[in-house]
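Trainee: The task is simple: from the sequences and hints, build the whole structure.
Number of protein chains: 6
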Amino acid sequence: MIKLRIGIIGVGGIAQGRHIPAFLQLSDICEITALSDVNIHRARETAEKYNIPNAFEDYLDLFPEVDAVCICTPNKFHAEITIAAFNAGVHVLCEKPMALSFEECEAMVAASKQADKVLAIAYHYRFMKEAQAAKKVMDEVGLPLVVRVQALRRRKVPGWGVFTNKDLQGGGSLIDFGCHLLDLALWLMGNPKHTAVSGTTYNTLSKQPNQVNQWGRFDHETFNVDDHVTAYMKFENGASMLFETSWAANIKDDQANVSISGADGGLSVFPFELFTTKHGMLLNSEAAWLPGKEDPGVPQAKNFIDACLGIAELVVKPEEALQVSQIIDRIYESEGNSL
Amino acid sequence: MIKLRIGIIGVGGIAQGRHIPAFLQLSDICEITALSDVNIHRARETAEKYNIPNAFEDYLDLFPEVDAVCICTPNKFHAEITIAAFNAGVHVLCEKPMALSFEECEAMVAASKQADKVLAIAYHYRFMKEAQAAKKVMDEVGLPLVVRVQALRRRKVPGWGVFTNKDLQGGGSLIDFGCHLLDLALWLMGNPKHTAVSGTTYNTLSKQPNQVNQWGRFDHETFNVDDHVTAYMKFENGASMLFETSWAANIKDDQANVSISGADGGLSVFPFELFTTKHGMLLNSEAAWLPGKEDPGVPQAKNFIDACLGIAELVVKPEEALQVSQIIDRIYESEGNSL
Amino acid sequence: MIKLRIGIIGVGGIAQGRHIPAFLQLSDICEITALSDVNIHRARETAEKYNIPNAFEDYLDLFPEVDAVCICTPNKFHAEITIAAFNAGVHVLCEKPMALSFEECEAMVAASKQADKVLAIAYHYRFMKEAQAAKKVMDEVGLPLVVRVQALRRRKVPGWGVFTNKDLQGGGSLIDFGCHLLDLALWLMGNPKHTAVSGTTYNTLSKQPNQVNQWGRFDHETFNVDDHVTAYMKFENGASMLFETSWAANIKDDQANVSISGADGGLSVFPFELFTTKHGMLLNSEAAWLPGKEDPGVPQAKNFIDACLGIAELVVKPEEALQVSQIIDRIYESEGNSL
Amino acid sequence: MIKLRIGIIGVGGIAQGRHIPAFLQLSDICEITALSDVNIHRARETAEKYNIPNAFEDYLDLFPEVDAVCICTPNKFHAEITIAAFNAGVHVLCEKPMALSFEECEAMVAASKQADKVLAIAYHYRFMKEAQAAKKVMDEVGLPLVVRVQALRRRKVPGWGVFTNKDLQGGGSLIDFGCHLLDLALWLMGNPKHTAVSGTTYNTLSKQPNQVNQWGRFDHETFNVDDHVTAYMKFENGASMLFETSWAANIKDDQANVSISGADGGLSVFPFELFTTKHGMLLNSEAAWLPGKEDPGVPQAKNFIDACLGIAELVVKPEEALQVSQIIDRIYESEGNSL
Amino acid sequence: MIKLRIGIIGVGGIAQGRHIPAFLQLSDICEITALSDVNIHRARETAEKYNIPNAFEDYLDLFPEVDAVCICTPNKFHAEITIAAFNAGVHVLCEKPMALSFEECEAMVAASKQADKVLAIAYHYRFMKEAQAAKKVMDEVGLPLVVRVQALRRRKVPGWGVFTNKDLQGGGSLIDFGCHLLDLALWLMGNPKHTAVSGTTYNTLSKQPNQVNQWGRFDHETFNVDDHVTAYMKFENGASMLFETSWAANIKDDQANVSISGADGGLSVFPFELFTTKHGMLLNSEAAWLPGKEDPGVPQAKNFIDACLGIAELVVKPEEALQVSQIIDRIYESEGNSL
Amino acid sequence: MIKLRIGIIGVGGIAQGRHIPAFLQLSDICEITALSDVNIHRARETAEKYNIPNAFEDYLDLFPEVDAVCICTPNKFHAEITIAAFNAGVHVLCEKPMALSFEECEAMVAASKQADKVLAIAYHYRFMKEAQAAKKVMDEVGLPLVVRVQALRRRKVPGWGVFTNKDLQGGGSLIDFGCHLLDLALWLMGNPKHTAVSGTTYNTLSKQPNQVNQWGRFDHETFNVDDHVTAYMKFENGASMLFETSWAANIKDDQANVSISGADGGLSVFPFELFTTKHGMLLNSEAAWLPGKEDPGVPQAKNFIDACLGIAELVVKPEEALQVSQIIDRIYESEGNSL
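Protein chains in written order, with my numbering: chain Z, 1 to 339; chain H, 1 to 339; chain C, 1 to 339; chain V, 1 to 339; chain X, 1 to 339; chain W, 1 to 339.
Since the hints were derived computationally from the structure, they do not count as laboratory data. Remember, it's a predicted structure, so these values are computed and weren't measured experimentally. Treat the hints with caution; some may be incorrect.
Since the list can't tell identical chains apart, any single copy or any two copies may satisfy a pair.
[To be verified] Taking lysine-lysine and the DSSO-like style, the derived pairs with C-alpha atoms no more than 30 Å apart in a straight line are:
{"#": "1", "residue 1": "K136", "residue 2": "K278"}
{"#": "2", "residue 1": "K252", "residue 2": "K3"}
{"#": "3", "residue 1": "K136", "residue 2": "K207"}
{"#": "4", "residue 1": "K278", "residue 2": "K129"}
{"#": "5", "residue 1": "K293", "residue 2": "K156"}
{"#": "6", "residue 1": "K129", "residue 2": "K156"}
{"#": "7", "residue 1": "K129", "residue 2": "K117"}
{"#": "8", "residue 1": "K156", "residue 2": "K252"}
Mentor: Right, here's the structure in full:
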């Protein structure tokens with residue numbers, strides 16, 4: 001059997017921590033044949049470490065060696081590289097968020113269609129066991145009425161990487177962390193069309209000097225992204241969403257969850273719990289055991305490869321990732337925001 | 001010392017469960033001298049039970065016997081009776097919500113000012129020990145950024161009284177239950193001006209036949225109020241509020257809480273918890289003991305009497321109750337609501 | 001509407017603690033018109049206490065005053081009184097166990113059929129909220145495979161009444177306490193025919209002098225009933241049951257439960273829990289809320305009255321109580337038992 | 001000092017996971033001098049891995065190199081190899097269960113006696129710290145009355161190896177897993193003679209297609225062993241045992257325990273707890289610390305070696321293992337079983 | 001049978017809350033025939049309430065009506081009344097502490113001996129179920145080495161009665177509360193002779209204005225007793241005691257306990273726990289059930305009556321209470337104390 | 001930048017487990033240039049293992065190669081080596097306790113002053129995150145009133161090393177383990193002058209044969225140190241301390257803690273908790289997150305190096321360690337001690 005040839009563009013933390021190990025675990029159906037990185041030394045070291053035959057400085061040189069690429073660069077370069085890949089006839093698995101703006105995202109989808117190549121976005125939360133379980137029991141929840149999304153950390157601004165650089169990343173806690181739970185919530189709801197979006201963004205805490213921060217130090221003066229965001233959405237199926245994300249909230253404990261109250265039942269994703277009615281009783285159910293892998297990167301990589309091979313449908317469709325980006329744009333542009 | 005003469009108008013559950021016992025406990029500074037109820041039999045029975053000298057069918061007959069009244073009728077009659085009381089030169093403690101609409105509320109305030117008599121609204125959650133404690137530590141929270149309000153019950157539509165009658169009550173879970181936590185949140189924030197309000201109201205569950213309900217039976221066909229409401233607000237001080245209330249949500253447990261993340265710290269009211277930063281540490285504090293009474297009705301009654309006597313400032317000012325009603329109106333009128 | 005006239009025969013603990021209060025709560029459909037007790041003083045005191053018009057020494061005198069009787073005497077007299085009642089044309093609710101032996105039980109059923117009057121046995125555990133819930137979800141358990149019954153107390157031999165008197169009661173922990181859980185288990189299983197019964201009975205502990213006992217003192221010398229029993233049963237539907245009951249076990253905690261592992265799922269009755277498979281997941285469910293009354297005596301009394309009035313089917317059918325007694329007989333007679 | 005020369009026959013999971021590491025830890029008193037396996041490649045790889053000098057395909061070739069063997073083959077070959085070993089003058093530590101049938105077991109014991117060599121069966125649960133502790137406190141339990149054995153797993157049919165092959169293993173959950181706890185219970189009781197055995201075996205769940213299984217996949221069509229077994233036993237000392245084992249039960253949690261209620265006290269083995277009476281009080285005791293090793297394989301190996309050297313008595317005597325096999329036979333043959 | 005005639009001297013909280021109810025429960029062996037109180041109105045009211053025939057202002061008038069008295073006055077009057085009672089030939093149960101000073105205590109004991117009447121001191125902690133259990137298992141603790149006594153409350157200075165009045169009570173937290181646990185500890189140890197006592201007393205907190213206090217208000221200016229005390233003692237059997245008591249400590253939770261580490265085992269009294277060694281294991285035991293009454297007042301009263309009747313030995317002997325008072329004196333006089 | 005050259009004297013457990021790893025982690029500011037050990041083979045092996053250039057048998061040979069030494073020998077040699085190091089012009093970080101007696105300690109301090117070199121004692125508990133946090137919040141505790149120190153282990157006499165050798169170590173549980181918590185408590189209090197010290201020492205348990213011991217075996221006959229110590233201290237600021245340490249106590253659980261009740265608040269160090277008063281409420285606070293390293297050895301080493309370089313003040317000043325040794329001497333010499 002012929003294996004899909006994979007290229008990795010950008011070999012930083014997310015590439016080495018999630019995508020490369022996942023493709024290596026799937027060595028019966030794919031092989032990583034090339035890497036590229038603007039830092040050619042890092043590219044070469046990584047290639048050597050994982051025994052990968054090719055390492056390039058320029059991603060354009062990588063395309064001929066692969067059938068598909070996994071894009072792991074700062075957000076700013078997602079659109080440009082994706083479109084170049086499609087022009088070269090290569091499938092794309094792109095890290096989230098899709099791109100810096102809705103317009104870029106639309107261009108990516110158009111390029112995908114024109115090239116007739118797969119475009120997947122790495123919203124890997126969907127591949128977690130709890131998320132898969134939640135999707136399966138949405139029939140017991142019925143029509144979603146109220147959706148609550150919390151992606152909250154207490155004083156954990158990332159003190160490394162480019163996370164606090166608006167130019168490279170396009171935003172802060174919302175575009176980096178909140179986007180995952182937002183995408184998950186929309187997917188569980190069935191990606192209904194949003195009819196209203198209102199939001200507020202903050203960076204009050206992170207602009208203060210001498211902040212206590214659990215995840216290392218950052219420069220409060222150059223910090224120019226959001227560290228806390230609230231939003232409210234209405235959808236054409238009548239649902240409404242209460243949304244909150246933060247890197248630096250003054251809260252008791254970190255929280256990352258989606259919970260839904262529907263017309264027939266309710267659920268929480270993390271931990272997975274189901275609230276139902278049966279024979280006149282109210283029941284709370286929890287998972288004694290869920291099928292699936294601990295690391296969501298592996299089923300994500302498998303689904304991408306299978307889609308490239310034409311034997312599976314994508315779990316994260318580009319139109320769905322597009323909606324996430326569109327809502328993020330709307331929140332950032334919401335009236336009264338100062339960021 | 002002369003005692004304030006109190007009259008009770010409407011002798012149903014809230015009168016007998018909270019206000020009459022509270023005034024009786026304060027017998028050193030007040031006495032209940034009269035009751036009235038449209039059901040004169042109930043009025044007489046109640047008068048006999050508590051040894052109160054006068055019982056009337058018409059509240060107009062009651063005014064000459066009292067210095068102040070406590071209005072415990074269905075919401076629809078709050079404004080009319082309040083204004084009549086002021087015309088009769090009598091102070092008013094009116095049950096929440098203030099009235100059915102913002103316009104009625106404004107008329108009540110105007111009448112109060114014209115008569116130069118006290119107008120208090122019975123938002124008794126403010127007098128709970130945890131709420132008093134929270135108000136005192138707002139200096140450690142600093143500027144409020146994000147406020148979360150949850151007033152949620154699982155399948156507990158009141159199966160008695162007039163709670164599901166829109167004509168008499170003006171609404172359902174929001175005007176009856178959510179209003180308390182909304183008022184509490186606004187008070188803790190310092191009642192900043194709201195600059196945007198958006199909401200969604202539901203009665204999907206309660207309109208279905210054969211609903212499981214923990215609090216007795218109700219007629220799903222005549223049910224015409226909200227059983228679940230979400231809302232989002234922005235305030236001129238930059239804060240935003242995520243709000244949810246329900247009588248009938250598909251959730252795990254009932255929840256009644258306000259939590260705030262501010263620029264300096266955070267808090268939760270029920271249970272009372274404080275999240276602060278000190279010497280580079282992050283601390284969580286809980287109450288080992290809080291001063292105050294278990295029953296908030298007593299300090300509420302005392303504050304009202306003291307205000308009538310001119311020796312204390314009202315805790316719940318009419319302008320603050322007015323803002324609650326204004327926001328409730330805005331939520332009920334929010335675009336797209338079908339109720 | 002005409003109310004069913006109820007007579008109570010034997011006015012000891014179970015009559016005053018469960019049956020009389022239950023019938024009094026149902027005063028819209030029945031009235032207690034007579035009592036009898038071999039202790040005529042106790043009968044008269046009780047009649048006065050509850051304002052009941054007639055008190056007799058001889059139960060035969062009672063029959064003309066009533067439509068139905070509730071028999072609360074020691075077990076030895078159950079059969080005789082029941083048959084006399086049917087001869088007098090009176091319905092019978094008889095305390096458990098049905099009688100001292102299977103033969104007596106058969107005679108009771110025959111008399112009931114001949115008189116065409118209702119015969120109910122007071123296995124009130126079936127009317128508990130958890131038991132009702134369990135019965136309703138047996139479809140999710142599927143074919144019962146293994147049934148576990150535990151009715152165990154640690155050192156709690158009843159130190160009062162006639163409980164340790166074999167002549168009057170016919171046995172000890174099994175006939176007094178274990179019978180309830182055995183009946184419940186059989187009912188949940190659908191009362192399949194038993195094809196094998198084997199058991200062992202003990203009174204080792206209670207025959208020792210100076211036993212530590214939480215429920216008062218008893219005479220170890222005259223103690224002549226079982227204080228601990230194990231049994232094993234097979235049923236024609238392939239199920240097997242592991243059974244244990246005790247008044248005096250050396251165990252950690254008291255236990256009273258039935259749990260079932262079936263072909264499709266499993267359940268525990270106390271507390272009510274359900275173990276199921278769904279979409280490839282294993283779920284544990286618990287009750288957030290169960291409908292029904294705290295006191296099972298009230299629905300038991302109502303079901304009896306409704307059956308007498310011909311408007312409901314009995315929940316505890318005499319043939320089912322008969323099976324319980326038949327199995328108890330088989331256990332007591334099991335090879336090798338010394339009691 | 002001369003070290004005992006050990007040979008390992010069959011180098012699969014149990015050999016590499018328990019026995020080889022245990023003998024290696026005891027390198028001051030023994031050395032592994034040879035391995036054999038029907039798969040000679042696996043034998044050689046394993047020999048190389050552990051630096052063992054000899055690897056054979058045929059176990060007969062191994063005997064000259066050793067003083068004692070540890071038999072780790074499928075159950076079917078236990079008797080044949082054991083007898084061959086004794087014929088070769090070699091001591092035997094044989095994995096549990098002893099053999100496929102009581103007759104084979106008897107032949108093994110006879111061969112052991114004739115050769116005057118040690119025959120030990122690897123019921124390693126007895127060497128666990130909790131089991132050793134329980135054995136020591138049996139004097140506080142007194143005469144055992146009721147013994148409960150639970151060896152239950154929820155949906156964990158082994159999806160690897162030969163566990164579901166009746167021809168090679170002789171049975172399923174009972175012979176593989178339940179036998180350990182049954183042996184432990186009998187040992188704690190003092191191995192009294194059993195006077196009655198009745199049981200029921202099931203494979204209802206595992207014969208259904210598409211079963212949810214936590215331990216990998218298996219073929220439900222070829223599955224021909226028990227996945228759930230209940231049994232009841234009586235003993236000549238008056239004790240009775242309620243026994244249950246399963247690989248695939250619909251239960252809340254896995255359970256592996258023996259608990260005993262005796263004439264003087266009670267105990268639970270896992271976790272170790274003791275229920276006693278003292279000065280008129282009822283006490284529950286738990287272990288703050290137990291002596292012994294975490295891995296029971298080491299004291300098991302040491303006891304075997306010491307017995308071979310004649311300096312210790314065997315903990316697991318062959319007559320005791322024989323009783324376990326006899327009871328297993330009786331359960332499998334119990335009237336009405338369909339397997 | 002003749003009943004012991006009991007008189008109560010001082011009818012405040014401790015008389016009505018503990019002693020009168022206890023004697024009333026023992027109506028088969030005693031009757032309360034007289035009360036006295038310096039407030040004759042209170043004496044008469046109380047007599048009427050409990051249907052007691054005689055009420056006096058002067059306790060001297062009471063003696064002729066009784067066989068025994070229970071003294072419930074402020075501590076200052078214990079010695080005087082006790083001695084007067086003995087002069088009148090009456091037995092005495094005196095509330096703790098015995099008296100204000102060791103000298104007074106010695107005079108009480110001397111008077112008791114001279115009159116040959118019973119003198120009991122109401123150290124009722126000894127009659128609690130946990131204390132009785134602890135005393136019984138001291139044989140498993142062996143020689144006591146280290147004894148820890150904690151009688152600590154967080155900010156609970158009694159805001160009523162005469163507790164903060166040094167003239168009437170002789171001290172504060174030590175003489176009122178700590179004395180109970182000190183007595184209990186000494187009794188468990190077997191009342192060995194103390195060879196060294198060193199202590200420190202505080203009232204730092206209670207002398208500050210505006211203290212937060214859970215038990216009402218008190219006047220910090222007139223407060224002149226100890227609110228916190230530490231002490232250290234050595235005993236002739238080699239034991240040492242670490243002692244602490246407080247009404248107003250800045251601690252997490254209230255604590256009232258005695259724990260002992262002995263040569264063979266250890267124990268905690270509240271809750272009752274035992275720490276032992278057995279067969280090389282370390283065990284922790286807790287009570288599943290303890291014999292005895294919830295209210296220690298009843299067995300205390302019974303022991304006093306039985307001692308008066310000469311049919312039982314006193315549990316709290318006057319010499320033991322004397323030692324408590326002697327140690328309290330030594331602590332109060334310890335070098336460097338400012339109180 | 002020039003790195004400080006470190007020598008390690010004595011390469012046993014504490015050197016390899018704490019100090020060498022700590023200095024290696026600080027390789028940007030120091031390097032280990034030499035080791036010495038009386039066992040030259042162990043010195044050479046260790047040097048090889050960590051790639052350290054010099055290994056000596058005699059510590060005098062080591063001095064020329066280093067700027068500072070870390071002394072990890074048995075306690076008996078601390079003073080001698082420290083003084084020799086100062087004579088050689090080398091800084092000293094000496095393991096605790098400072099030395100065997102107060103006199104030796106004084107000589108060490110004098111030598112340090114004369115040589116003008118740094119003398120630090122490795123009381124590393126002070127560098128734990130909880131200890132640092134506690135020191136910072138002492139302002140909220142206010143004047144310390146009562147200090148409780150518990151350094152208690154249940155049956156854990158060290159069965160290795162020289163811990164039970166009085167000649168080499170100078171004592172047992174107090175000098176080895178209790179000294180840490182005593183030092184920590186004194187530091188938190190601000191090292192006030194002690195005005196009274198009384199103590200008791202035990203070795204009752206460890207002198208008995210066949211003791212159960214969790215930490216290996218020891219010879220009860222040669223055991224000649226304390227295994228349990230209690231003490232009481234008074235300080236010139238009015239505080240008192242209740243102190244207890246043990247290797248072998250009959251207690252429920254091991255405990256290692258310092259707790260303080262002060263005039264304004266209270267604290268516990270392990271876990272870190274704070275008990276305060278605010279706005280009339282009593283609050284309990286716990287750490288949600290504390291800054292600092294898990295391993296206190298690293299900040300301890302860094303503070304020592306920085307002090308040698310003159311850029312930081314020592315955290316553990318020699319005068320403070322001197323006070324610890326002085327108190328230990330006083331406890332060992334306390335009247336009545338038999339050890």
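Trainee: Which of the stated hints cannot be reconciled with the structure, identified by number in ascending sequence?
Mentor: Checked against the structure, the only hint that fails is number 2, while the rest are satisfied.
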